[in-house]
Amino acid sequence: MTKQMLSRRRFLKSAAFAATGALLAACGGQQAGSPAPATGDQPASSSGNAPQPASGGKTVQWWFAWGNLDAAVNAIKETPEFKEAMGDNVLEYKSSVNTEAILTAVAGGTPPDGGSNFDYANLFYRGALTPPDDLVNSSSIIKKEEILEPLWNSAFYDGKMIGIPGIESYIWWGLNYNSKAAEDAGLDPDNPPTTWEEAFEWHKALTQFDDAGNLKQFGLDPYDAMAGEMDFGAQSFGGFNWWNEQERTMRLDDEAVAQCFETCGEFIKLIGPDKFSGMRQDQNLGGWGAAFNAGVQNMIIEGYWHPGETQIQKPEIAQYNRATWAPVPASRKGKKIMATGAHFVVLFKDAKNIEGMFKVAEFLYTDKALDIIFKEVGWIFGRIPWLEKVDPNAYPGLKFYIDAPSQVDEWIIGRRSPLQPFVQSQYIELREKVFRGEMTGTEAAAEMQKRADAEWKAQGLS
Amino acid sequence: MQMAAPRLRGMTKREKRSLIQGLLFISPWLIGFFAFTVYPLIYSFYISLTRYDLIGEPRYIGFANYSEIFFEDPLFWQVIGNTLYYVLLSVPLSLGFAFCVATLLNTKIVGRSFFRAVMYIPAIVPAICTSMVWLFLLNIQYGAINGMLQAFNLPVIPFLSNPTLAKPSIIMVAVWATGNAVVVFLAGLQDVPRSLYEAATVDGANGFQQFWNVTIPMCTPVILFNLIMGFINAFQEFTLPYLLTNGGPVNATLFYAVYLYRNAFQFLRMGKASALAWLLLIAVVITTILLFRSSARWVYYGGEK
Chain A
1 MTKQMLSRRR FLKSAAFAAT GALLAACGGQ QAGSPAPATG DQPASSSGNA
51 PQPASGGKTV QWWFAWGNLD AAVNAIKETP EFKEAMGDNV LEYKSSVNTE
101 AILTAVAGGT PPDGGSNFDY ANLFYRGALT PPDDLVNSSS IIKKEEILEP
151 LWNSAFYDGK MIGIPGIESY IWWGLNYNSK AAEDAGLDPD NPPTTWEEAF
201 EWHKALTQFD DAGNLKQFGL DPYDAMAGEM DFGAQSFGGF NWWNEQERTM
251 RLDDEAVAQC FETCGEFIKL IGPDKFSGMR QDQNLGGWGA AFNAGVQNMI
301 IEGYWHPGET QIQKPEIAQY NRATWAPVPA SRKGKKIMAT GAHFVVLFKD
351 AKNIEGMFKV AEFLYTDKAL DIIFKEVGWI FGRIPWLEKV DPNAYPGLKF
401 YIDAPSQVDE WIIGRRSPLQ PFVQSQYIEL REKVFRGEMT GTEAAAEMQK
451 RADAEWKAQG LS
Chain B
1 MQMAAPRLRG MTKREKRSLI QGLLFISPWL IGFFAFTVYP LIYSFYISLT
51 RYDLIGEPRY IGFANYSEIF FEDPLFWQVI GNTLYYVLLS VPLSLGFAFC
101 VATLLNTKIV GRSFFRAVMY IPAIVPAICT SMVWLFLLNI QYGAINGMLQ
151 AFNLPVIPFL SNPTLAKPSI IMVAVWATGN AVVVFLAGLQ DVPRSLYEAA
201 TVDGANGFQQ FWNVTIPMCT PVILFNLIMG FINAFQEFTL PYLLTNGGPV
251 NATLFYAVYL YRNAFQFLRM GKASALAWLL LIAVVITTIL LFRSSARWVY
301 YGGEK
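These protein sequence lines map, in sequence, to chains A and B.
Following our numbering, the numbering of the first sequence begins with 1 at its first residue and continues without gaps.
Following our numbering, the numbering of the second sequence begins with 1 at its first residue and continues without gaps.
Heads up, some of the hints might be wrong.
Pulled from the structure, derived: some chain A residues nowhere near chain B, Cβ distances all over 10 angstroms [claimed, not checked]:
#1 186
#2 195
#3 198
#4 262
#5 315
#6 316
#7 354
#8 389
#9 447
#10 455
#11 459
Label-pair restraints from in silico Cβ distances [what the hints assert, rightly or not]:
#12 133(A) <-> 40(B): 49 to 59 angstroms
#13 104(B) <-> 100(A): 20 to 30 angstroms
#14 104(B) <-> 213(A): 54 to 64 angstroms
#15 108(A) <-> 88(B): 45 to 55 angstroms
#16 204(A) <-> 45(B): 54 to 64 angstroms
#17 113(B) <-> 96(A): 37 to 47 angstroms
#18 246(A) <-> 41(B): 37 to 47 angstroms
#19 406(A) <-> 136(B): 40 to 50 angstroms
#20 88(B) <-> 78(A): 34 to 44 angstroms
#21 208(B) <-> 108(A): 57 to 67 angstroms
#22 45(B) <-> 403(A): 36 to 46 angstroms
#23 88(B) <-> 336(A): 28 to 38 angstroms
#24 88(B) <-> 96(A): 31 to 41 angstroms
FYI, nobody ran anything at the bench for these hints, they're computed from the structure.
Heads up, the beta-carbon is just placed ideally off N, CA and C, and yes, glycines get one too.
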């Protein structure tokens with residue numbers, strides 16, 4: 001027998017010490033001023049191994065919902081102007097953050113300092129954000145008079161600011177079309193459709209099947225991108241916003257909404273509901289705008305980002321891109337409809353470094369940042385002095401968006417209802433029932449109203 | 001506690017020390033169990049009695065969430081129908097398929113080890129990868145299966161894009177990914193004593209009779225285990241419907257877990273989602289109890305009563 005080196009008692013004692021030590025180490029956070037070199041060359045989306053602030057400085061956590069901005073943020077972080085603006089603060093940027101992550105962080109009391117491209121109105125309405133009015137009012141960089149008026153108005157909810165406008169945000173609705181595909185189909189690309197009736201004729205001409213009956217290409221998916229939202233359906237067909245912000249009411253059971261269901265449904269019926277659903281399930285065609293970039297879809301209703309994004313992602317398609325006003329029914333022919341809504345840097349309640357985050361937001365308002373974002377991602381921001389310097393022909397189709405604001409007949413500020421995600425999910429379900437012939441447009445509109453009212457009550461919203 | 005106190009008092013010093021040491025040894029697990037299982041379970045029941053959007057404070061509303069689910073929610077009963085359809089078809093089909101495959105893999109065939117490994121692959125490949133592969137295979141226009149059908153001038157099948165076919169298509173994928181059950185069945189089959197087969201052969205039983213009267217009865221404990229695990233997993237199926245169809249077309253594949261997730265994170269109805277989770281737990285517990293109770297009639301425990 002060998003001599004026992006470690007008694008059970010001694011082992012337990014050591015294990016208890018080790019466990020307690022580990023527990024204490026896990027509970028103790030990183031010391032605020034712990035010196036560590038700022039590498040500065042971390043990938044933009046990394047959150048682990050993030051650069052640490054220099055002694056006396058702080059980390060600024062900014063979460064971004066999408067992944068498109070990474071290259072631009074990397075470039076912005078490297079500019080001397082940004083480094084000077086940030087001082088000892090270090091930006092910790094995390095992209096492609098989904099809603100679950102942000103909600104969990106908010107619920108756990110550990111939100112980032114700021115966030116962007118989330119469901120702003122919903123977060124604000126439910127009290128997750130700190131209004132930055134005082135910071136914005138005292139800023140020497142952010143100026144109300146510089147920003148497109150409807151865009152500036154969209155920054156407010158119940159008289160308080162939702163967040164700091166910047167990064168990118170402008171006008172949302174244009175009919176973008178592939179002029180070469182139109183020409184090949186015998187259509188005149190210089191006379192694009194302005195009504196739904198004309199759009200349907202284009203859709204018919206642009207929709208082609210192969211010998212086996214497979215969909216080769218089609219005209220317009222009236223439910224893709226921005227057209228897929230209830231904001232667009234109600235405004236295009238009825239000229240109203242379904243969400244009344246002042247009265248907190250919803251107008252969904254309406255003849256115009258029923259007409260929207262029926263008219264848009266015809267576009268899908270022409271393709272065939274099963275084929276249409278199958279096309280959207282394809283991983284190369286199902287995503288936002290993917291079918292347009294693939295040359296399968298030839299018309300798409302979306303906004304200011306379309307020309308630049310398409311040019312950067314798919315230049316061979318972008319070269320034929322043109323844009324015009326989104327369609328309205330023949331009874332409303334000539335109405336130029338447009339939506340807007342700012343993208344912000346929002347400040348979360350319980351955020352630890354509001355001042356640092358505001359410095360980032362201010363920088364994202366400057367020409368330097370906007371130039372980089374425009375070049376790297378193709379996005380634009382409705383800050384008029386900067387817009388005036390933008391080459392309207394930098395990306396095919398961009399000129400329409402630069403010129404459009406002065407011609408708009410009907411403006412709305414979109415995505416404002418705290419019930420937006422619910423209404424959107426019902427809209428998706430009910431419109432499918434209509435184009436599959438399980439329901440009429442009128443029945444769908446009535447059902448959507450009924451469900452939305454019940455949900456409003458069940459959520460205890462006021 | 002009344003029972004435990006006198007027992008503790010009656011313990012010797014050595015026994016008490018031993019108990020404390022034992023508890024200390026399992027304390028990491030105990031702490032984890034209470035912190036990450038028991039506490040969330042109790043808290044989720046409390047949340048189910050509240051209106052809670054994850055942002056504000058939970059507000060107590062009694063059983064209003066439960067009442068809404070049963071009497072006002074227009075989708076709940078459709079979701080129940082979809083889920084039961086999936087559970088009642090996918091579990092027996094998966095088990096039947098797994099048992100047949102395990103029986104085949106238990107025979108002396110060339111390359112048996114290779115086939116066993118192949119059958120287990122679907123169980124170890126992440127569900128997101130298998131979903132992507134099946135999306136590619138089943139797409140109505142660009143899918144490989146429909147491509148082959150077209151090559152033979154046969155009509156295409158809208159597997160995932162038609163409301164009638166979407167559920168059976170998901171069941172087909174679930175049946176394919178049943179490697180875990182195959183492994184458990186295989187272990188059970190290898191436990192069947194050879195002497196029983198020899199006795200059956202002497203009695204003149206043919207292959208099918210041996211399978212029916214020896215193999216199946218001897219494997220019933222394993223069948224029960226797989227049945228219970230199958231039901232529990234099927235009730236909670238999320239990945240396949242979420243990735244393959246996202247609940248569509250027209251809610252045909254809106255299963256319980258997907259609906260629960262939507263309520264929690266899309267509609268910010270954490271109270272209602274917690275109520276849904278508790279109802280699911282109750283359904284699973286009832287199903288498990290019923291299976292256990294029925295097991296006395298059909299499960300053979302080798303002489304035990």
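Verification of the supplied hints:
1. For residue 186(A), the shortest C-beta to C-beta distance to chain B comes to about 25 angstroms, beyond the 10 angstroms cut-off, and the non-interface label holds.
2. At roughly 29 angstroms, the least C-beta separation between residue 195(A) and chain B is larger than 10 angstroms, which holds for a residue marked as non-interface.
3. Once the 10 angstroms rule is applied to beta carbons, residue 198(A) is consistent with being away from chain B; the minimum gap is 28 angstroms.
4. Here residue 262(A) stays apart from chain B, with its beta-carbon at least about 17 angstroms from theirs, past the 10 angstroms limit.
5. In this structure residue 315(A) is separated from chain B by more than 10 angstroms, as the shortest Cβ-Cβ distance comes to about 24 angstroms.
6. At roughly 21 angstroms, the least C-beta separation between residue 316(A) and chain B is larger than 10 angstroms, which holds for a residue marked as non-interface.
7. Separation of residue 354(A) from chain B is adequate, the least Cβ-Cβ distance of about 18 angstroms exceeding the 10 angstroms criterion.
8. Every CB of chain B lies more than 10 angstroms from the CB of residue 389(A), the least distance being 40 angstroms, so the non-interface label holds.
9. Separation of residue 447(A) from chain B is inadequate, the least Cβ-Cβ distance of about 8 angstroms not exceeding the 10 angstroms criterion.
10. A beta-carbon of chain B is positioned within 10 angstroms of the beta-carbon of residue 455(A); the least distance is around 7 angstroms.
11. Taking the minimum C-beta to C-beta distance to chain B, about 7 angstroms, the non-interface status of residue 459(A) is violated against the 10 angstroms cut.
12. Roughly 38 angstroms separates the CB atoms of residue 133(A) and residue 40(B), a value that falls outside the hinted 49 to 59 angstroms.
13. Distance hint for residue 104(B) and residue 100(A): a CB-CB separation of about 42 angstroms, inconsistent with the stated range 20 to 30 angstroms.
14. For residue 104(B) and residue 213(A), the hinted distance range of 54 to 64 angstroms is not satisfied, since their beta carbons lie about 39 angstroms from each other.
15. Distance hint check: the CB atoms of residue 108(A) and residue 88(B) are about 39 angstroms apart, inconsistent with the given range 45 to 55 angstroms.
16. Distance hint for residue 204(A) and residue 45(B): a CB-CB separation of about 56 angstroms, consistent with the stated range 54 to 64 angstroms.
17. Look at residue 113(B) against residue 96(A): about 42 angstroms separates their beta carbons, and that is inside 37 to 47 angstroms.
18. The supplied range of 37 to 47 angstroms is met by residue 246(A) and residue 41(B), whose beta-carbon atoms lie about 43 angstroms from each other.
19. Between residue 406(A) and residue 136(B) the CB atoms are about 48 angstroms apart, so this pair conforms to the stated range of 40 to 50 angstroms.
20. Under the hint 34 to 44 angstroms, the C-beta atoms of residue 88(B) and residue 78(A), about 59 angstroms apart, miss the expected range.
21. Separated by about 59 angstroms at the C-beta atoms, residue 208(B) and residue 108(A) satisfy the suggested range of 57 to 67 angstroms.
22. Checked against the hint of 36 to 46 angstroms, the C-beta distance between residue 45(B) and residue 403(A) comes to roughly 58 angstroms, which is inconsistent with it.
23. Checked against the hint of 28 to 38 angstroms, the pair residue 88(B) and residue 336(A) fails, with Cβ atoms roughly 55 angstroms apart.
24. Between residue 88(B) and residue 96(A) the CB atoms are about 38 angstroms apart, so this pair conforms to the stated range of 31 to 41 angstroms.
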